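Q: FYI, my numbering numbers position 19 of the sequence shown as 19, with every residue one higher than the one before it.
Treat the hints as calculated values from the structure; they're not laboratory data.
Only a predicted model underlies this, so the values are computations on that prediction, with no experimental measurement involved.
Be careful, since some hints might not be right.
Unchecked claim - No more than 25 Å apart at the CA atoms, straight line, and that leaves these computed lysine to any residue pairs for SDA-like:
1) K57 <-> F18
2) K29 <-> H69
3) K74 <-> P31
4) K29 <-> A70
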Amino acid sequence: MIPPYVYFLMRQVEPCYFTEADRFVARSKGPVGFAGFQCRHCAGHAGLGKYFPLNSKALSTNSTSQNIHAHILKCRKSS
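Build the full structure now, drawing on both the sequences and the hints.
A: Next up, the structure:
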């Protein structure tokens, strides 16, 4: 079962793919084309609100949900 908090957070993101430009702002070592997710409100504008967890362990850590939550709180395009 997925907790309501996590469900709400995951409804705030959409799929995206790693680009060469993301290498500098998203701090990921993933290959170009690697699947991730980004804020659905700002579409990861300026590299903020983009996440590329490299494995299931990285996706399941509290820091991922905390990062999404922190971004949604300060995202200028979410309401």
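Q: Give a verdict on every hint.
A: Here's how the hints hold up against the structure:
With a C-alpha separation of about 19 Å, the suggested pair K57 and F18 falls inside the 25 Å cut-off, and the hint holds. In summary, the hint linking K29 to H69 is supported, as the alpha carbons are separated by about 23 Å, within the 25 Å threshold. With a C-alpha separation of about 28 Å, the suggested pair K74 and P31 falls outside the 25 Å cut-off, and the hint is violated. For the given pair, K29 sits about 22 Å from A70 by alpha-carbon distance, which is consistent with the 25 Å threshold.
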